[in-house]
Amino acid sequence: ATRVAVGSALQDLAPGERVIVACSGGPDSLALVAAAAWVAERSGLVASAVVVDHGLQSDSAAVAAEAAGTCGALGVPARVVRVQVGTEGGPEAAARTARYAALAAAADEEDAAVVLLGHTLEDQAETVLLRLARGSGARSLAAMSARTDPWRRPFLALPRATVRTAADEALAAVGRTAWADPHNDDPAYARVRARALLDRLTEDLGPGAVLGLARSADLLR
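Residues 2 to 222 in the working numbering are what the sequence shown lists, from first letter to last.
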């Protein structure tokens, strides 16, 4: 499923064109790296990965270096880019701004046609929940697009469980493991609280809650 999704996202590119994969070292982005490696080899594309080191944790440099090494083991050469995270908009927004700027700069440097991002179906649903809580209008509730070049999100319609299974299989084959970001369990972050809320909604309303939120975003877009 992940390979089909990436292949579909890149089918308009010609052999020899360059693709950058954004990698955090977590399972979703490593599944994306593995799928991109598989697709690039068969379609003549040139894939590389960029690991953004936000410098927000004491071991961030080591984590980034390990992630880059795992990308290489999966067949995609990677480099680490260190960024300075500001404060505007809060820690999550500031980190996102710095990350996207670094990825855009890397795409310019490498003359890459596309930057692949590993957002999943649940990420989309969480985004809709967060924006509903802020009283957003239709444009904002449309949430993330699968394609707004150079950004492409092949996994946006795939359940997180599917992506994680793909990551487990790919990493087992090369004797590596994914990084578990401690920030993903810290309720100080709004995204973490939204994830917990989405889990409760799924328990109470059924798995259709995730699909429904994502479908609302699609319809609004």
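These are calculated hints, taken from the structure and not from any lab test.
Among the clues, some could well be false.
As the list claims (entries may be wrong) - Label-pair distances were calculated between CB atoms; the ranges are:
1) Ser-141 with Leu-198: 29 to 37 Å
2) Gly-45 with Gly-207: 19 to 27 Å
3) Asp-112 with Leu-198: 38 to 46 Å
4) Gly-17 with Leu-206: 43 to 51 Å
5) Asp-112 with Asp-182: 28 to 36 Å
6) Asp-205 with Gly-70: 35 to 43 Å
7) Leu-206 with Asp-112: 43 to 51 Å
All values derive from a computational prediction rather than experimental measurement.
Glycine residues also receive a C-beta, built at the ideal position from the N, C-alpha and C atoms.
Broken hints, numbered, in rising order? Those not satisfied are hints 1 and 2.
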